[in-house]
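*Asks:* The residues making up each chain are set out below.
2 protein chains.
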Amino acid sequence: MMAGKLYAIGVGPGASDLITVRGARVIADLDVLYAPAGKKGAQSLAHTIVEEYISPNTEIRTYHFLMQADLSDKEAVWDEVAEALKEEVAKGHKVGFITLGDSMLFSTWVSLLERIGRQPWLEIIPGVTSFSAIASRSVMPLAMETQTLAVVSCTAPEDELEQALRNHDCVVLMKVYGRIEQVRTLLQRLDLLDHSLLMADATLPSEQCWRHLDELRYEQKLPYFSTILMNKNWDTSR
Amino acid sequence: MMAGKLYAIGVGPGASDLITVRGARVIADLDVLYAPAGKKGAQSLAHTIVEEYISPNTEIRTYHFLMQADLSDKEAVWDEVAEALKEEVAKGHKVGFITLGDSMLFSTWVSLLERIGRQPWLEIIPGVTSFSAIASRSVMPLAMETQTLAVVSCTAPEDELEQALRNHDCVVLMKVYGRIEQVRTLLQRLDLLDHSLLMADATLPSEQCWRHLDELRYEQKLPYFSTILMNKNWDTSR
Numbered sequence: 115m116m117a118g119k120l121y122a123i124g125v126g127p128g129a130s131d132l133i134t135v136r137g138a139r140v141i142a143d144l145d146v147l148y149a150p151a152g153k154k155g156a157q158s159l160a161h162t163i164v165e166e167y168i169s170p171n172t173e174i175r176t177y178h179f180l181m182q183a184d185l186s187d188k189e190a191v192w193d194e195v196a197e198a199l200k201e202e203v204a205k206g207h208k209v210g211f212i213t214l215g216d217s218m219l220f221s222t223w224v225s226l227l228e229r230i231g232r233q234p235w236l237e238i239i240p241g242v243t244s245f246s247a248i249a250s251r252s253v254m255p256l257a258m259e260t261q262t263l264a265v266v267s268c269t270a271p272e273d274e275l276e277q278a279l280r281n282h283d284c285v286v287l288m289k290v291y292g293r294i295e296q297v298r299t300l301l302q303r304l305d306l307l308d309h310s311l312l313m314a315d316a317t318l319p320s321e322q323c324w325r326h327l328d329e330l331r332y333e334q335k336l337p338y339f340s341t342i343l344m345n346k347n348w349d350t351s352r
Numbered sequence: 115m116m117a118g119k120l121y122a123i124g125v126g127p128g129a130s131d132l133i134t135v136r137g138a139r140v141i142a143d144l145d146v147l148y149a150p151a152g153k154k155g156a157q158s159l160a161h162t163i164v165e166e167y168i169s170p171n172t173e174i175r176t177y178h179f180l181m182q183a184d185l186s187d188k189e190a191v192w193d194e195v196a197e198a199l200k201e202e203v204a205k206g207h208k209v210g211f212i213t214l215g216d217s218m219l220f221s222t223w224v225s226l227l228e229r230i231g232r233q234p235w236l237e238i239i240p241g242v243t244s245f246s247a248i249a250s251r252s253v254m255p256l257a258m259e260t261q262t263l264a265v266v267s268c269t270a271p272e273d274e275l276e277q278a279l280r281n282h283d284c285v286v287l288m289k290v291y292g293r294i295e296q297v298r299t300l301l302q303r304l305d306l307l308d309h310s311l312l313m314a315d316a317t318l319p320s321e322q323c324w325r326h327l328d329e330l331r332y333e334q335k336l337p338y339f340s341t342i343l344m345n346k347n348w349d350t351s352r
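Quick mapping for you: the protein sequence lines, in order, are chains A and B.
For the first sequence, my numbering assigns the number 115 to the initial residue and increments by one for each residue that follows.
For the second sequence, my numbering assigns the number 115 to the initial residue and increments by one for each residue that follows.
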C-alpha cells in the first residue's frame, strides 16, 4: 500500500499565481483536498485561489470553521477535521489542507497542527503572507537593515498596539475591519498617519489602497481583508 | 517599440520550487536578469535558486553588493545598479532583479527602490520569507489569533532584542551568525530556551535544525543563514 501523506499548503495572499510552484504541483496530485470556508455554503477564498491547479480526480471537502462561535464549538470542528485528516493518511491517501497566506501565521491550520503533532507523513508548505503582498502592491517596504517589524492583530488591546507602534520601525496591523476609527485615532495621536496606508484585498481584482487614511470616509464599509502597513522610514505619498 | 518593464522578484527562502508561480513565469520571459552576489566572483544564491527557470535568451548580470563596505561605497553600487535598471527599461527591455526571500523585507532591492521610486513600469513580486519557511520546516508555528509577531535582526542593540522578546508571543531573530553566545545567554535569562529553536539554510540541502540550543556547541561554526524562532506558546520538543 502507498504511504499516505498530509500537506498543509499556504496558498498565498489572493492571486492564483502567487502560490508557490511546490504548492501548485502538490495540489495537482492530491487524492483529497480540504478547503476551509468562513461562511456556511460559501466557497472558500483559498479554494478559489487554487481551483486552476486541482485535478478532476481530486475529491474536495469544504469545512466550515466557525469564526464567530464559542471556543468549545470551534474545538469540536478542529477535533473532527484533525481526526478526518489522520484517517485519510492512514488509508494511504495524499491529503491537502489549504490556508490563505502562510500556513504557520494567523492560520486555522495551527489549531489542527496542535492536534496532529509533528509527524513523518506531514509536510507543511509555506506561502506568501498578506503583508508581503501589501508591501509589494503598495510599493512601501517593510523593515530593512537593523530596523524591526511587528505584526499585530487589531483585536489585541489598544495599549499593545500603541506599544508596537512606538517600539518598531514597521508595523503591520491586521484585522482592521470594524476597528478603523479607533486605529486611525491612535495613528494620528502618534503622528504616524503620513507613514501609514491601508490596503484591502491585495492582489485580488477587488484590491483597494488608501495612501491617506483621512480620505477614508468614516462611514465607508471596509472589506474584510483590510490591513494597515506603517513604516516610519517611508512616507505613503512617496 | 515595446514598453520596458522592471520586475523585482522575491525568489523565496532557498528551494527552487518555493518561488511563486508568477515569479517563475516572469523569470522565464526576461531579456535581462540582475542577480546580486554577496561575494565577488561567487554565484548568487538567488541566481542558483532560479536557474532552472531562466531562458537561454536571457542575459545575466551579476552585481556585487558590498555587504561589509562603507556606506558611501554601498551607495555608489546602488546608484549604479538603479541607473542601469532604468536604462534597460528605457530601451524597452523586460528586466528582472532577484532577491532572496521576500523583495520588501530586509532586502537590497529596497535600496534600489529608494532611487527608482514608484513607477508605472515597475512590478514587485512578493516571495516566501525565510521565517515562514523555518516555521514550516521545523513544524513550529508563528503567531496566531491575538498573538503578536516581531521580526528583529540580532545586529540591533541587546535592549531592543530583550524588549521584543518580552513584549511579543513570537519573535524571529535574524542574523544570529557571530552573535549566538550573546543571544543564547539572553534567551536563557528570559527563560525562553525551551521555546526557541535555531535553523540554518532552511529548505536547502544543507538545512540544519537545533531544537535544544544548549546542544549547539560553543565553538560550532554556524552557517551564515541562521535564524532563531521563539514562540512562548510552543515547546521546541513538541
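For the record, the hints were derived by calculation from the structure and aren't laboratory data.
Watch out, some of these pointers could steer you wrong.
Pairs involving identical chains hold if they fit within one copy or between any two copies, as the list cannot separate such chains.
As the list claims (entries may be wrong) - Calculated cross-link-like contacts (lysine to aspartate or glutamate; reagent style EDC-like; alpha-carbon spacing at most 20 Å):
#: 1; residue 1: LYS346; residue 2: GLU228
#: 2; residue 1: LYS289; residue 2: GLU259
#: 3; residue 1: LYS188; residue 2: GLU259
#: 4; residue 1: LYS335; residue 2: ASP143
#: 5; residue 1: LYS346; residue 2: GLU274
*Asks:* Now tell me, hint by hint, if it's right for this structure.
*Replies:* Okay, the hints, checked on the actual structure:
Proximity of LYS346 and GLU228 under a CA criterion of 20 Å is satisfied inter-copy only: 14 Å between copies versus 36 Å inside one chain copy. Taking the closest pair of Cα atoms, LYS289 and GLU259 come within 20 Å of each other only across two copies (10 Å); inside a single copy the shortest separation is 27 Å, beyond that limit. Taking CA atoms no more than 20 Å apart as the test, LYS188 paired with GLU259 passes between copies only; the shortest distance there is 13 Å, against 41 Å inside one copy. Taking the closest pair of Cα atoms, LYS335 and ASP143 never come within 20 Å of each other, the shortest separation being 40 Å inside a single copy and 40 Å across copies.
Both within a single protomer and between protomers do LYS346 and GLU274 lie at most 20 Å apart by alpha-carbon distance, with minima of 18 Å and 17 Å respectively.
The structure fails hint 4 only (numbered hints given earlier).
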